Amino acid sequence: MSEQKKRCDTPKSHNACMMNRRDFILFSSAAIVTTSTISLTLLPGTAHAAEQKAQIAGYPRKKIGKLSELKDNQPVDFNYPDDKGSCTLVKMGVEAGGGIGNQKDVVAFNYLCTHQGGPLQGTYQATDEHRTLGPCPLHLSLYDLRRHGIIVSGQAYQSVPQVLLEVDGDDIYAVGMMGLIFGRNKNIMDA
Amino acid sequence: MSNDIYTPQDHVPLPPKDAEVLTTACDYCIVACGYKAYRWPIGSEGGPKAADNAFGIDFPSNVLQAWVAPTQHNVVMHKGKKHNLIVVPDKDATVVNKNGDSSIRGGLLAQKCFNPDTPTKDRLQKPLVRINGELQPTSWDDALDIAAALAKHVIAKHGANAYSVKTYSYQFVENTYAITKFARRHVNTAAFTFHDTPSDVTSTPGFRDAGYDNFGPSYDDWGNAETLMVCGTDPYETKTILYTQYLMPALARGQKVVMLNPRETAGVAHAKKHGGLHLQLYPGTDTLVVGAITRVILENGWEDKEWVKKWVNNKWESNSGFGQGTRNTPWQWRSTWGKFQTKGFEDYKKWLLSQDEYKAENAAKVAGVSADDIRTAAKWMAKPKADGSRPKTSIGIEKGFYWSNNTGNTNAISSLATTVGAGGRPGQMVGRFGGHQRGGTGGGKYPRAKSPEKVPGRRKRSLDTDRWLVSGHTRMAHVVGTTWVQSMTGSEGLAAKFHELVVANPNQPKTNNKADIIAALKARADSGGMVVIDHDIYLRDPIGAKFADIIFPAATWGEEDFIRANGERRLRLYQKLADAPGEAKPDWWIIAQLGQRMGFDGFDWQNANDVAEESSRFSRGNRKAYHMIKVAAHAEGKTLHQKMRELGTTGIQGPTFYNYKTGKLSGSKRLHDTTLTPEQCAERGAPIGANMVNKKMTHFNSQTGKINIQKHPWGLYSDIWEFVQPKDDEELWHTNGRINEIWQTGFDDRERRPYIKQRWSHQFVEIHPADAKKRGIESGDKVLVYSDRVPAFEDTLVGVGGDDFQFSELMKNGHIKLLKGAYEAVALVSDVIKQGVLYADALNTDQPSNSVQVRVVDNISGNYNYKLGSAKIKKIGESEFKKEFKRMSFVPRNIVTKA
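Top to bottom, those sequences are chains A and B.
So the first sequence is numbered by the UniProt record's numbering: it starts at 1 and just counts up by one.
So the second sequence is numbered by the UniProt record's numbering: it starts at 1 and just counts up by one.
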């Protein structure tokens with residue numbers, strides 16, 4: 001039985017089923033998500049629907065690549081949510097939290113270390129079943145890309161921000177961001 | 001929505017231009033990075049333009065510039081009103097965490113502050129008293145009256161030693177001064193000790209007997225060494241900034257690092273990538289490896305001959321001054337009679353070369369390392385260069401090392417340091433890297449003469465408070481800011497005794513009438529049971545939740561102005577940032593109230609500065625002597641705390657000196673600095689007025705000021721090591737320690753920081769892939785780690801025969817009981833850990849891994865060898881973390897960047 005199903009079984013857990021975008025990312029697992037696209041109709045007309053919108057409110061919807069063009073473990077760079085937001089899109093070949101595509105293995109992350117802004121470009125690695133970004137060249141922070149960019153070992157104060165992705169046919173869209181990008185006081189900075 | 005779940009935020013308020021700026025230092029590891037707190041009333045925030053925020057920079061900021069992560073913001077009460085509080089590393093720092101570097105622990109300090117809308121909501125806010133088994137709120141007056149009445153009764157009827165005090169050693173000088181003045185000077189109990197040891201003894205007996213201070217080096221010395229030996233720790237994991245600010249740049253410059261450690265964590269992996277040497281040994285074998293390195297050096301004649309000639313005690317100096325020499329030092333009092341003492345360097349050399357276990361091949365075999373690596377380490381540390389100059393070598397040790405064979409390891413490393421010329425010159429130092437910060441000031445002398453415990457010979461030994469309690473002699477336990485039970489080894493046996501003496505005793509308070517409560521608790525103490533009082537900031541289980549009769553809510557870091565020093569003796573003021581929750585009070589205040597009620601004089605301080613000022617003269621002569629800061633402050637018409645506030649995050653390194661002529665206050669970069677000139681000393685103003693100059697400044701802490709070189713006989717330890725050694729295919733070595741992201745403050749990070757909780761949701765155990773495969777264990781499996789032969793030393797003894805405290809003798813004489821111990825963990829299968837060894841978090845209080853560690857004190861020093869243990873491991877299912885993607889991580893910690 002899926003975790004999602006279990007959580008919905010009791011009246012008390014009813015609210016827990018009202019997934020917002022954050023929940024979708026944090027609670028996604030092998031058992032939960034069977035479609036390759038994010039359903040935005042989970043919570044119509046509820047208070048949580050408003051919250052869900054807030055999570056992506058203000059973020060641009062930007063096409064960043066095509067599923068068919070991604071090769072396993074070969075990161076593709078893109079900018080999001082604006083021209084200065086250096087990010088990476090990668091098909092990791094193993095399922096990941098928040099992953100999209102048939103294998104739920106396509107994820108995207110910001111490239112700035114959330115410790116002191118060190119550049120994580122060129123540090124993507126596949127080691128056995130693990131997929132990591134880092135260690136950061138400045139202070140060695142290492143992030144687990146299968147687990148929403150959580151810190152493995154290191155000094156960052158939060159996970160490396162994960163880009164929320166949607167699929168429309170073969171097209172991949174960036175639609176939001178989980179966590180504050182280093183250097184900003186909000187992800188969508190006023191021009 | 002539960003705030004126990006980490007919710008990534010994409011916005012953070014910036015402090016406005018007019019935010020108040022306060023300085024403090026991190027509450028956690030020994031390094032004590034400098035932090036700035038920005039405080040301003042809620043309802044406004046600064047803007048991203050330089051002119052609109054307190055940092056004075058434009059946002060988005062650039063790499064290494066100031067930034068605020070959402071996890072660095074909190075809302076606190078200040079003078080009864082809600083304020084925003086941001087705590088971030090001080091980007092202006094010129095010392096320690098230069099330019100504002102930080103660890104994940106200190107980086108999240110803001111979350112430590114009390115905010116009822118965060119997981120800190122369960123801070124203790126009112127005194128509690130247990131009635132009918134339930135803790136109930138009471139007034140300060142009632143709680144203190146009950147505690148004081150009981151304390152007076154127990155001391156009068158059962159003697160001072162029936163009143164046992166177990167306290168943190170580090171939580172700021174104001175508190176430790178008050179606690180030790182109360183416990184050691186006024187109650188005058190021998191049943192006193194600190195959080196990390198069963199008896200009040202030195203952590204590093206070998207350093208003390210050689211003459212090395214634990215914290216002589218400065219952080220620059222670690223970085224300036226050409227070869228650095230690191231024993232029993234990965235500084236990246238446990239003293240992050242020492243690694244990132246001092247070792248990483250040194251490694252890039254070509255520093256050669258030798259690491260002794262059963263694990264390959266990030267710092268070890270990074271050092272290896274830069275050519276470092278990792279001696280990945282089995283627990284408890286360090287003495288052999290260190291001795292073997294020294295032996296290779298001596299075999300090749302690579303010792304620092306000039307240094308040895310000048311600074312090592314010869315036969316006469318070793319015995320110098322009847323009643324003053326080594327025959328009158330703790331080392332002989334520990335009654336080893338010649339087992340350690342030498343007649344000088346040549347005698348030591350002769351001894352070492354005659355001990356076969358220190359041959360490189362033999363040591364390598366037992367330790368599970370390569371003999372070639374031992375030889376390489378010797379070469380790096382001591383082989384003179386082509387031009388005849390010597391490599392500058394420093395040596396740092398920490399708990400993985402000195403808590404696996406306390407006396408043997410610290411003796412062996414002292415002798416190696418002496419051999420390579422480390423100890424008294426810039427870049428050539430030896431010391432501890434450190435664990436907790438240094439916040440102890442002694443307000444009273446430990447009454448050793450009152451200890452009923454005696455080692456063979458004529459010397460009393462500090463009382464082992466665990467065994468004392470287990471033997472039923474403790475009638476009242478006064479616990480200050482420590483879990484006591486889980487932090488000691490063989491924890492289950494200790495917990496069972498607490499339960500028997502406290503909970504299972506029939507005398508329990510039944511009403512909320514103060515007189516009835518006091519009568520019931522007196523009856524309990526008199527019946528052979530025990531009363532427990534506990535100061536803490538959270539209700540800890542079991543010491544507070546199950547055992548305490550009275551709980552005093554304490555105020556902590558950021559809730560009072562406090563002084564403390566770091567691992568290079570750097571003293572700073574930790575400023576009050578926010579109101580303490582509810583009625584919580586600092587420990588010095590609680591002690592003052594108890595002292596007054598017990599009729600003790602000198603407990604009438606009005607504020608923390610009063611305590612600090614009274615304590616300062618007791619720091620004179622210590623490594624962090626701060627008395628002269630007070631002298632300078634008073635000369636300038638300021639209080640000690642005011643002067644400390646001025647010194648900001650830079651602070652000053654103890655011992656401190658004051659030049660009465662120039663009015664200049666100065667600190668000490670390092671101790672044992674043999675390069676200091678008389679002119680430099682004079683410029684500091686010493687030895688005039690209240691300035692105190694002692695041996696440790698320019699010489700060593702021994703009877704002559706020179707170093708005692710000591711033997712380190714393996715035979716004093718080999719019996720227990722062989723007993724613990726895995727006996728069959730099922731058993732593995734078991735050791736434990738800290739982990740970078742959670743330090744040891746379970747109550748803050750592991751339990752109350754949603755992000756850290758998400759990262760480390762459960763106790764874990766690292767197991768090597770080969771060991772895991774054999775047992776059918778995969779990462780994420782739920783496993784049971786267990787042992788049915790945890791040796792525990794049960795009795796309080798008077799030693800008579802020379803080897804009465806030797807493990808095999810204790811065993812033979814029935815003083816060792818074999819206990820069962822077990823804990824549940826999530827398996828992390830990784831080659832981070834050596835094959836044949838298991839590693840867990842040392843201080844997870846839910847699943848205490850100390851429960852399978854040996855509870856037999858070092859036969860010489862009285863410390864536990866916490867890091868020694870063996871256990872079996874079996875899969876009992878799959879953890880919830882195995883197939884999900886939200887919590888924990890099973891990625892090995894030793895991944896380095898390729899290319």
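Hints in this document: simulated from the structure, not taken from any laboratory.
Since the structure is predicted, the reported quantities are computational estimates derived from the model, not experimental observations.
It is possible that part of the hints are untrue.
[Claimed, not checked] Calculated cross-link-like contacts (lysine-lysine; reagent style DSS-like; alpha-carbon spacing at most 25 Å): (1) K774(B) / K898(B); (2) K66(A) / K186(A); (3) K874(B) / K774(B); (4) K883(B) / K186(A); (5) K84(A) / K49(B); (6) K91(B) / K186(A); (7) K450(B) / K186(A); (8) K450(B) / K157(B); (9) K773(B) / K84(A); (10) K186(A) / K898(B); (11) K450(B) / K71(A).
Practice problem: Could you check the structure against the hints above and give me the numbers of any it violates, in ascending order? | Solution: Going through the list in order, the structure violates hints 1, 2, 4, 7, 9, 10 and 11 and respects the others.
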